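Produce the entire structure from the sequences given, and follow the hints as far as they go.
Chains as they are written, first to last, in our numbering: chain B, 1 to 110; chain G, 111 to 224.
Quick caveat, the hints were computed from the structure, so don't treat them as lab data. Small disclaimer: the values here were computed from a predicted structure and weren't measured. Heads up, some of the hints might be wrong.
[As the list claims (entries may be wrong)] Pair ranges (Cβ atoms, derived):
1) I13(B) to Q151(G): 41 to 47 Å
2) L55(B) to G150(G): 26 to 32 Å
3) V44(B) to S207(G): 19 to 25 Å
[Said to hold, decoys possible] Taking lysine-lysine and the DSS-like style, the derived pairs with C-alpha atoms no more than 27 Å apart in a straight line are:
4) K70(B) to K97(B)
5) K97(B) to K180(G)
6) K181(G) to K97(B)
7) K97(B) to K167(G)
8) K193(G) to K97(B)
9) K97(B) to K119(G)
10) K36(B) to K119(G)
Backbone N, C-alpha and C fix where the C-beta goes; we use that ideal spot for every residue, glycine too.
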Amino acid sequence: GQQLNQSPQSMFIQEGEDVSMNCTSSSIFNTWLWYKQDPGEGPVLLIALYKAGELTSNGRLTAQFGITRKDSFLNISASIPSDVGIYFCAGRPGTYKYIFGTGTRLKVLA
Amino acid sequence: DGGITQSPKYLFRKEGQNVTLSCEQNLNHDAMYWYRQDPGQGLRLIYYSQIVNDFQKGDIAEGYSVSREKKESFPLTVTSAQKNPTAFYLCASSMGSGRYNEQFFGPGTRLTVL
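Now the structure itself:
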């Protein structure tokens, strides 16, 4: 099955730094979702995007729906230790099914 | 509280045995999904159901079966035909096909075949 290209695969950052990650696809999507997953737990929805160019914030998190509808970006400002985890993007090309990225593993150094 | 429950959290199975994973939601969602996650990997779709008494194969349905007899429940059976069943299994649900159709996930079941 198709998967999104998500980058970077992993990153180490210092506490207080800003983080950026993105997802790209060869297909056009009508919805983008961003999730965070802690070890041994289910993914938790962070941000949902529905329109090309849309920019949405959730606290220190900001995500954007790319103009081409083939990409999306997630930024985390002023990272803290609890930001550690795996971040997934998911895109919806049709009605029911989502396609998931392979994840960005974030590690924050205090 | 509304949400998705999966049970059990950890499951051990002997090779050659079938095992059923439970997924229940009280969000009144029409659509439900099963995903498999392997270490360091993304989520792969096993089966999904848009409505009661209807379901479709996902990308990796071989060796799995599902039923959708009630709106709230979508159990997944891992059969002995599944060659490599050890994995983390995630159930999700969504309202349906509308524009605002976010998927919400349960806590997952970790299956280990001994």
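Item to check | Straight-line alpha-carbon gap K97(B) to K119(G), limit 27 Å | outcome: Status holds; Cα separation ~25 Å.
Checklist entry - Falls inside 26 to 32 Å, the C-beta gap from L55(B) to G150(G)? => result Since the Cβ atoms of L55(B) and G150(G) sit about 31 Å apart, the hinted range of 26 to 32 Å holds.
Item to check | Straight-line alpha-carbon gap K97(B) to K180(G), limit 27 Å | outcome: 20 Å, holds
Item to check | 41 to 47 Å as the expected CB spacing between Q151(G) and I13(B), which holds or is violated | outcome: 23 Å, violated
Checklist entry - Quick one, are K97(B) and K167(G) close enough, alpha carbons at most 27 Å? => result 11 Å, holds
Item to check | Agreement of K70(B) and K97(B) with the hint, judged by alpha carbon distance not exceeding 27 Å | outcome: 16 Å, holds
Checklist entry - Between K193(G) and K97(B), does the CA-CA distance stay at or below 27 Å? => result 25 Å, holds
Checklist entry - Lying within 19 to 25 Å: is that true of the beta-carbon distance V44(B) to S207(G)? => result Holds - the Cβ-Cβ distance for V44(B) and S207(G), about 23 Å, lies within 19 to 25 Å.
Checklist entry - Is the straight-line distance between the alpha-carbon of K181(G) and that of K97(B) 27 Å or less? => result 18 Å, holds
Checklist entry - Are K36(B) and K119(G) close enough, with their CA atoms no more than 27 Å apart? => result 19 Å, holds
Checked against the numbered hints listed earlier, the structure breaks hint 1 alone; every other hint is satisfied.
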